[in-house]
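**Student:** Sequence:
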Amino acid sequence: MGVIRLLSDEVSQLISAGEVVERPFSVVKELVENAIDAKADRIEIKIRNGGKSYISVRDNGVGMDREDLERCLKKYATSKISNKDDLFNIVTLGFRGEALYSISAVSKIRIYTRRTNDLAGWYLYATAGEIKEIREVSAEKGTLIEVEDLFFNIPARKKFLKSDGWEKQLIVKFVEELSLLYPDKTFILNSDNRDLLILNAVSNVYKRVVSLFPTLNNNVISYRGEKKPFTCELLISKTDVSMPEFYVYAVNGRVVKERIISRVIKDIFDKQNKKPSFLFLNFYLPPYDVDVNVHPTKREIKFRDNERVYNFIREAVESSL
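Okay, so the sequence shown: first residue is 42 according to our numbering, each after it adds one.
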């Protein structure tokens with residue numbers, strides 16, 4: 042008798058969800074990115090106990106009708122791509138159709154949503170990925186998603202979470218980073234009934250930087266670089282500014298963890314014997330020149346032409362100093 046067996050639907054669902062939802066931060070990231078893709082310009086986030094017991098994200102985006110609401114918890118259900126070619130032309134933050142499916146698999150989730158021109162909205166409740174209720178309700182325009190008891194059905198995963206404060210700081214950092222990329226949107230973060238961030242929409246990234254870090258007012262070097270098809274926006278603090286280090290690397294409006302970009306910039310700073318406390322790099326290139334479908338978290342990327350990208354970034358940073 043063979044020893045290889047097919048996993049049950051329940052086990053395979055939890056394995057898949059674990060790749061996307063690692064901790065409360067993962068939930069906030071996926072829900073906020075969905076809100077941005079839904080064209081929201083105001084996003085309110087609430088968490089309790091570092092997001093372990095409760096997370097909510099409210100947006101004023103386009104909302105969903107009943108049909109979309111029923112589909113949104115299914116795996117690979119997405120409005121953002123429709124064929125294989127779209128995978129190489131990603132222009133949204135989300136696209137894999139895994140976020141809500143994965144979140145609902147490991148939590149209790151409530152969704153309230155209404156499209157702009159609809160008179161009524163819809164409500165959905167699901168637990169462990171199974172829809173328990175869906176009905177018509179009165180709702181504000183946009184979408185409110187509430188996630189409770191994260192990992193209630195995976196106690197082992199829950200044990201690996203860190204302190205409430207540590208989990209909260211991950212979320213704070215994420216909202217700060219994303220707010221720099223989208224200064225034209227309002228972000229509000231509330232933790233345990235206390236407002237941590239109230240970031241009203243502003244006209245440019247410099248104003249957002251100063252609202253986050255007042256000490257950087259008149260202490261930031263701004264640079265815009267272009268060498269078709271690449272462009273970048275770069276802000277670097279003057280070297281005499283003292284503050285905790287805050288570096289953000291973004292590609293096409295997406296915060297990324299790209300080791301080689303980090304290494305290129307570090308080498309420049311080392312060579313010039315400079316170590317700025319703050320750096321913001323927002324790099325744009327055609328979607329077909331970058332692969333964001335490397336990992337379910339969408340924070341790892343691959344460039345089609347590494348050398349050209351790194352040379353452009355190197356020249357931009359050197360020109361700004």
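Just so you know, these hints were derived from the structure itself, not from any lab.
Computed from a predicted model, the values in this text were never measured in an experiment.
The C-beta atom is built at its ideal place from N, Cα and C for all residues, glycine as well.
Hints should not be assumed to be uniformly reliable.
Unchecked claim - With a straight-line Cα cutoff of 30 angstroms, these simulated DSSO-like cross-link-like pairs (lysine-lysine) come out: (1) K200 to K268; (2) K248 to K149; (3) K312 to K214; (4) K312 to K269; (5) K115 to K200; (6) K248 to K307; (7) K173 to K200; (8) K149 to K199; (9) K116 to K182; (10) K80 to K173; (11) K200 to K182; (12) K248 to K298; (13) K115 to K149; (14) K269 to K315; (15) K182 to K307; (16) K203 to K149; (17) K268 to K279; (18) K214 to K87.
What the hints assert, rightly or not - Label-pair restraints from in silico Cβ distances: (19) A161 to T256: 44 to 50 angstroms; (20) D308 to R83: 36 to 42 angstroms; (21) N241 to E356: 18 to 24 angstroms; (22) K279 to S244: 50 to 56 angstroms; (23) K199 to I175: 26 to 32 angstroms; (24) D106 to Y325: 19 to 25 angstroms; (25) S360 to D190: 46 to 52 angstroms; (26) S360 to I172: 51 to 57 angstroms; (27) W207 to D82: 29 to 35 angstroms.
**Student:** Confirm or reject each hint.
**Tutor:** Evaluated hints:
1. For the given pair, K200 sits about 49 angstroms from K268 by alpha-carbon distance, which is inconsistent with the 30 angstroms threshold.
2. A threshold of 30 angstroms between alpha carbons decides the hint, and for K248 with K149 the separation of about 38 angstroms lies outside it, so the pair is violated.
3. Between K312 and K214 the CA atoms are separated by roughly 29 angstroms; this keeps the pair inside 30 angstroms, and the hint holds.
4. Our distance criterion of 30 angstroms between C-alpha atoms is met by K312 and K269, whose separation comes to about 27 angstroms.
5. Proposed proximity of K115 and K200 is supported: the alpha carbons are some 27 angstroms apart, at most 30 angstroms.
6. For the hint pairing K248 with K307, the CA-to-CA distance comes to about 26 angstroms; that is within 30 angstroms, so the pair holds.
7. A threshold of 30 angstroms between alpha carbons decides the hint, and for K173 with K200 the separation of about 27 angstroms falls inside it, so the pair holds.
8. A threshold of 30 angstroms between alpha carbons decides the hint, and for K149 with K199 the separation of about 15 angstroms falls inside it, so the pair holds.
9. The hinted pair formed by K116 and K182 meets the criterion: a straight-line CA distance of about 25 angstroms does not exceed 30 angstroms.
10. For the suggested pair K80 and K173, the alpha carbons sit about 29 angstroms apart, so the restraint of at most 30 angstroms is met.
11. Note on K200 and K182: the hinted pairing is violated, with a Cα-Cα distance of about 37 angstroms set against a maximum of 30 angstroms.
12. Straight-line distance between C-alpha atoms of K248 and K298 comes to about 24 angstroms, which keeps the hinted pair within the 30 angstroms bound.
13. The hinted pair formed by K115 and K149 meets the criterion: a straight-line CA distance of about 15 angstroms does not exceed 30 angstroms.
14. Restraint check: the Cα-Cα separation between K269 and K315 comes to about 29 angstroms, which is no more than 30 angstroms; the hinted pair holds.
15. Proximity of K182 to K307 is assessed by CA-CA distance (about 45 angstroms); at most 30 angstroms being required, the pair is judged violated.
16. Between K203 and K149 the CA atoms are separated by roughly 21 angstroms; this keeps the pair inside 30 angstroms, and the hint holds.
17. Taking the CA atoms of K268 and K279, the gap is about 25 angstroms. The hint holds against a cut of 30 angstroms.
18. The suggested pairing of K214 with K87 holds, with an alpha-carbon distance near 15 angstroms, which does not exceed 30 angstroms.
19. Roughly 48 angstroms separates the CB atoms of A161 and T256, a value that falls within the hinted 44 to 50 angstroms.
20. Taking the beta carbon of each, D308 and R83 are about 40 angstroms apart, inside 36 to 42 angstroms as hinted.
21. Evaluation of the 18 to 24 angstroms hint for N241 and E356 yields a failure: the beta carbon distance comes to about 35 angstroms.
22. Checked against the hint of 50 to 56 angstroms, the C-beta distance between K279 and S244 comes to roughly 23 angstroms, which is inconsistent with it.
23. The given range of 26 to 32 angstroms is respected by K199 and I175, whose C-beta atoms sit roughly 28 angstroms from each other.
24. For the pair D106 and Y325, the supplied restraint of 19 to 25 angstroms is violated, since their beta-carbon distance comes to about 33 angstroms.
25. Between S360 and D190 the Cβ separation comes to about 51 angstroms, which falls inside the hinted range of 46 to 52 angstroms.
26. Against the hinted window of 51 to 57 angstroms, the Cβ-Cβ separation of S360 and I172 comes to about 54 angstroms, which satisfies the hint.
27. For W207 and D82, the Cβ-Cβ distance of about 31 angstroms falls inside the hinted range of 29 to 35 angstroms, so the restraint holds.
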